[in-house]
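Protein chains: 2
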Amino acid sequence: MQLDTPCLVIDADRLENNIRGMADLARRHHVALRPHIKTHKSVEIARMQLAAGACGITVAKVSEAEIMVDAGIDDIFIAYPVIGPIKLERLTRLAPRCRRLIVGIDSLAGAKALDEAARAAGLKLEVRLEVDIGFARTGIAGDGALDLARAVSRMSGLDLTGIFAFKAMTLAGKPTLDLQAAGEEEGRLTVALADQIRADGIPLADVSAGSTPTAAVIAAQPGITEIRPGTYVFNDMATVGSGSCQLADCAAGVLVTVVSSNGQDRLVVDGGSKTFSTDSQPGTPPLCLEGFGRILEDGQLVFNRMTEEHGMMLVKPGAKDHQVGDQLLVIPNHICTTVNLHPQAVLIRNRSEIVRRIKIDARGCVT
Amino acid sequence: MQLDTPCLVIDADRLENNIRGMADLARRHHVALRPHIKTHKSVEIARMQLAAGACGITVAKVSEAEIMVDAGIDDIFIAYPVIGPIKLERLTRLAPRCRRLIVGIDSLAGAKALDEAARAAGLKLEVRLEVDIGFARTGIAGDGALDLARAVSRMSGLDLTGIFAFKAMTLAGKPTLDLQAAGEEEGRLTVALADQIRADGIPLADVSAGSTPTAAVIAAQPGITEIRPGTYVFNDMATVGSGSCQLADCAAGVLVTVVSSNGQDRLVVDGGSKTFSTDSQPGTPPLCLEGFGRILEDGQLVFNRMTEEHGMMLVKPGAKDHQVGDQLLVIPNHICTTVNLHPQAVLIRNRSEIVRRIKIDARGCVT
Chain A
1234 MQLDTPCLVI DADRLENNIR GMADLARRHH VALRPHIKTH KSVEIARMQL
1284 AAGACGITVA KVSEAEIMVD AGIDDIFIAY PVIGPIKLER LTRLAPRCRR
1334 LIVGIDSLAG AKALDEAARA AGLKLEVRLE VDIGFARTGI AGDGALDLAR
1384 AVSRMSGLDL TGIFAFKAMT LAGKPTLDLQ AAGEEEGRLT VALADQIRAD
1434 GIPLADVSAG STPTAAVIAA QPGITEIRPG TYVFNDMATV GSGSCQLADC
1484 AAGVLVTVVS SNGQDRLVVD GGSKTFSTDS QPGTPPLCLE GFGRILEDGQ
1534 LVFNRMTEEH GMMLVKPGAK DHQVGDQLLV IPNHICTTVN LHPQAVLIRN
1584 RSEIVRRIKI DARGCVT
Chain B
1234 MQLDTPCLVI DADRLENNIR GMADLARRHH VALRPHIKTH KSVEIARMQL
1284 AAGACGITVA KVSEAEIMVD AGIDDIFIAY PVIGPIKLER LTRLAPRCRR
1334 LIVGIDSLAG AKALDEAARA AGLKLEVRLE VDIGFARTGI AGDGALDLAR
1384 AVSRMSGLDL TGIFAFKAMT LAGKPTLDLQ AAGEEEGRLT VALADQIRAD
1434 GIPLADVSAG STPTAAVIAA QPGITEIRPG TYVFNDMATV GSGSCQLADC
1484 AAGVLVTVVS SNGQDRLVVD GGSKTFSTDS QPGTPPLCLE GFGRILEDGQ
1534 LVFNRMTEEH GMMLVKPGAK DHQVGDQLLV IPNHICTTVN LHPQAVLIRN
1584 RSEIVRRIKI DARGCVT
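Residue numbers (our numbering), protein chains in the order written: chain A, 1234 to 1600; chain B, 1234 to 1600.
Hints are supplied without guarantee of correctness; some may be wrong.
Identical copies carry no separate label here, and so any pair may be met within one copy or between two of them.
Straight-line distance between alpha carbons at most 30 Å, and here's what the computed DSSO-like set of lysine-lysine pairs gives [said to hold, decoys possible]:
| # | residue 1 | residue 2 |
| --- | --- | --- |
| 1 | Lys1345 | Lys1357 |
| 2 | Lys1592 | Lys1549 |
| 3 | Lys1553 | Lys1345 |
Calculated directly from the structure, the hints in this document are not laboratory data.
Isolated chain A (complex conformation) (with noise of 0.2 Å):
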């Protein structure tokens, strides 16, 4: 195989491996699969995972919802505030065009906004309230959550249709390697708060949580409805060392070439973070990850630092021969990040024969 570098591989049987087994997962559990494109952002894969089940999509942005919708993907959860006018009005642009698409909100001066660009707009928007269950990112925490349903449901341009959580890899509001245990306080509380809701009158069709580590604990939780798991298609070693799936399960790696070396103890590679991101630092915990990612030909090489072109990794005693021009494939820590930094991926099988390129279409999409 001769590639150019750094270049981002796909192996096609693990993805699709990947994509299967999270479809299986989702229907065996009788909950539905939403997965979110921001590891992948892009079109093709996105019809992977539709093919295969889903649902429809998650997004962050406006931007990738755009690019999706373009695209003919019709069935978008926004799982993000969408806040501001210029927002709002490519919101109200991008509503007609699908068949369905839900909102997140967290906020009344949030909702405000929204119902009155959607009433502006001829529209109404289903919206989805985010619950913040110990992550403290966005979603509304507690009393508020029902506070805020109440308001929304009074809202006419909005259409409150669920509740959604996001609470990855934390226990009690700390990280932890325990996802069975994480996964449980998820599903409860994710599913309290929305009984709490109902309770007032306020019917919630859909109980959303679930990220890639803690999907198959979620997917089980009574009252969970839908799971939005995104790494999962490529995983990573951050998802390796989580414990919720294989080195083998690792679909995506970044090829590069050795462009120096000290003869010693040092290799460079003609990636560092601009290629990879430096978004899972090696040796914080709960993961205590070694360098900033794994090398598959050689475990004696550790990634252990870099710059922004320039990727220097350790060689330990029992290392292998590496010379000048030799290329790497390195599993990266954090795949969703490292994504985002290409403009394409090369689709490969039996680890050599080349498939095809992939774009990623929704690369960069900032707004």
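Start from chain A and add chain B according to the hints.
Quick look at chain B alone, frame taken from chain A:
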């Protein structure tokens, strides 16, 4: 100023000042200025640097060089080992289109392949030897430099005209804030290696060193003929932290919108690690920056946590009353990796007057 967010914003006056200031500094010290365009990746800004007096530009990637050559910029130093048959083919296609193209080398294997490619294409390629004077990245250290220079000087496809180094903010191999000592060491070690090679009868015209924090010191070192700063066009919290510029010299920031608030100690803005990068982690020596960037409107906000599309800000006592929908301008810790995430920037004057949009032409040029 009504802009959709996140939006990379560049202050035109500050940009022009920074460009002029570095050009003046180089002139004063009679050294050539060959700025690294990795920071802005923009044809328009490269042209501004050349118009102010830069002798040419520096890039890290062949793909960056291709974009600049396509735009008519024809004096380019690829300060990076160009390794592998596909890269060499691209390079030999590019060379005849340049008035001057210089390529970095740091290994015999790399030099041999480059020599072969040059001869096969009927070219004589200008090269510079990269020396490692303590940064432990690419570059050849100690006596190996002389051996490699001797070998390269005998290669008929290559024309060895100089050496170059990068050491940044290190002293005796350790991170430092003593820029004077760091710059003096960089000058002394680089010039000593150049003199050692010259003493062997190999003429070297160019002795190139220097990054933004050390540029002023390096330019004054006897024997240095060229400086290659990059970040100075914009500056960032890292250069402010290094003491080499003031906050008022920061020309680029990211405008974000508050999308969520817990009403107490947390705001969430619409940019995370896919908008800012996490390249310069807070609290890391030697800079120990507070947070992932400085919020210009309010020093009592600490940008203390990021996920991909969420930026969490700690609201300290005494902070202003920020509401969902408010916009904030953030000066990031590392502007180079930040700019690389944005398809475009908006050039402004007088804080709010939009001049025009600037394309980040070489964004995502991984190869």
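Hints the structure violates: just list their numbers, smallest first. Hint 2 alone not satisfied by this model.
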